[in-house]
Every structure is written in structure tokens, then in C-alpha cells.
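Guided by the hints, dock chain Z onto chain U, whose structure is given.
If you read the sequences in order, they're chains U and Z.
Sequential numbering from 1 applies to the first sequence in the working numbering.
Sequential numbering from 1 applies to the second sequence in the working numbering.
Restraint ranges, calculated between C-beta atoms of paired labels, are given here:
{"#": "1", "chain 1": "U", "residue 1": "His94", "chain 2": "Z", "residue 2": "Arg93", "range": "35 to 45 Å"}
{"#": "2", "chain 1": "Z", "residue 1": "Gln41", "chain 2": "U", "residue 2": "Ala49", "range": "36 to 46 Å"}
{"#": "3", "chain 1": "U", "residue 1": "Val111", "chain 2": "Z", "residue 2": "Arg110", "range": "20 to 30 Å"}
{"#": "4", "chain 1": "Z", "residue 1": "Glu111", "chain 2": "U", "residue 2": "Thr63", "range": "28 to 38 Å"}
{"#": "5", "chain 1": "U", "residue 1": "Asn150", "chain 2": "Z", "residue 2": "Val116", "range": "29 to 39 Å"}
Rough simulated footprint, nothing fancy, chain U against chain Z, three-plus residues with beta-carbon under 8 Å:
{"#": "6", "stretch": "116-125"}
{"#": "7", "stretch": "138-146"}
Quick partial rundown of chain U residues pointing at chain Z, CB under 7 Å, derived from the structure:
{"#": "8", "residue": "Phe110"}
{"#": "9", "residue": "Val111"}
{"#": "10", "residue": "Val125"}
{"#": "11", "residue": "Gly126"}
{"#": "12", "residue": "Leu127"}
{"#": "13", "residue": "Cys129"}
{"#": "14", "residue": "Gly130"}
{"#": "15", "residue": "Phe131"}
{"#": "16", "residue": "Arg134"}
{"#": "17", "residue": "Leu138"}
Source of the hints: derived by calculation from the structure; they are not laboratory data.
Note that CB positions come from ideal geometry on N, CA and C, so glycine has one too.
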Amino acid sequence: MKVLMLNGPGLASAIQQAGYDHVSLELIEQTCIRTCQDLALEPDFRQSADDQQIVQWLRQDLTSASALLINPLSTQAAEAAGYAAALVRALDEHAPATLPIIEVHLSNPFVDAQAQPLRPTGCNVGLLCGFGLRGYVLAIQALHRQLAANS
Amino acid sequence: MSIKLLVINGPNLNLLGSREPEIYGYDTLADIEARCQALVQGYPQVSELTFRQSNHEGELVTWIQQAIADVDGIIINAGAYTHTSVAIHDALRAYAGKKIELHISNPHLREPFRHVSYLAAAVDGVIAGLGVAGYEHAVSIMIDRLLERT
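Here chain U stands alone, though its shape is the one from the complex (with noise of 0.2 Å):
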């Protein structure tokens, strides 16, 4: 079972922002491959600095995953774009019901509002926030418990 894993643009001064210095998208994406592995999920990490990639990976590759984490992020370039209703969107039009979802954010966006939560209409979307790398692991821990409950 496929787990796609998306980060978004701005990853790096989110990183920095958050203070996480031990923290890099390389140790991330090993993190999350060796969480996936243990658990016999497949992992399909990914990352873009383009906001319309993620989109675009959401609307070509949703369909063939068994669960979705992601970590939108975000720059002031792609909120103007308009990305963050783009997201729900495209969560809308492909994410069947049943999906297993998380959004992951390394700090907690709600303590200086930088960031509001997707909300999707058709999907349950789980939300974890600010727990840094440790947030990852236990995204695809949590993934793995609603797939194991869903099979």
C-alpha cells in the first residue's frame, strides 16, 4: 500500500522558522521512508517548491495511493495563486471518501495564524501540528492504524 507524502513550497524557512536546525528535508524524507518501511507501507515522498506541482501531483496520484500525507506549506507567491483553495479542490475532486489523510505542520500555524488548515468537503482530513519530524513518524503511524481498521 502506496503512502504519497507531499511538502510543499518554503519548506526550508519553515524549518528555519521553527527552529528545527537539526532538521533537514533530506533527514525528513529518510525519516518517513524508514517509518513507511517498517510499517510494509510504500513510500512515495515528495517535495516541490512549486505550489502548482503539488497540485498537480494531488490530481494525477491520489487515485493510486492507499493514503495521503501532506504538509502544504506555503509562500506569500503561491497564497496569492491562490493555493490553499486549490489543495481543497483538488482534495475534492480526487480524494475518494474513504482516503486516509493527514496534514502535517512542523510548528503550530494557529499560535501566530500562519497558516489556516485545509478543509476539504468530501474527505475526513486528519491534522497534526507542531511536533516537527516527530509529527511525520506519527502521521504515518496513524495512516497505517486507519488503513489496518479500514482493510
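This is chain Z only, laid out in the frame that chain U set:
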């Protein structure tokens, strides 16, 4: 190291298992507590995990205040008070230990009056929408954080 944890549950969570099970599941709060207690058995560093529930806002505030003295981490599912209570926000601000806001469903996917949390800015992290399993995930991540694992 001797870790003390407190799980605070707000209004209507005493009805878990019977209230809107399609949203909140069929497990009772006692079932959830039993699983969390079993989970902490695997951590010799945890000396105490206390579960509490109240329908009264002030009681939740008092429990947070009392935790200041000797509790290392609070997991709080404040239920509907999440979206109304400045008093719980203030109490959480006064509490210097680790704190996680927990919800069974994801409030951001529900009615607009649940989209604002008065607690989220006063906690370290938020877990929502993972069902009742969120309690075990919260306990596990809280212990990890207290043990300084990343």
C-alpha cells in the same frame, strides 16, 4: 525520571460511545483511558497518567492550575469550550509544562463556529481528526517530547 501526565476532557465527552457515534466512535471514555493506561505501562519513566472529565468550564481551569505544581504534560480535549473559553486559554498560558490540544474529529471540517480555537495558540501542538486513536497518539508523542526524542 518520573513523568506525570494529565488528560483533561471537557463537556459531553462523558457521552462518548453513545453521542453521535458516526462522528465520535463507539468507544467510551473509560475504554480510551484503559488503552492509554496500557500504553504507558510500556514506559517505566511514566509514574502517573490521570484522566479527568468535567462539563464545567471552571473545573477544567482549576485542574490546569493544580497541574502547574507537579504535572509534566497536559493533553486537553476541551470539547466545545475550545471555541469559547478565554479562561482555559489563560490557564494553559499559565501552565509551563508541555501541552497538546486534542480533538477526536477535525473541527476545521465541521461547522464554521468550530473553526476558531481559543486554545491552539496556547499549546505546543494540536492533534485532530484521528478519531479516538488520537488519545493514544497524543500520549505517545507527549512522552516522546518529555523524553526529548525527536
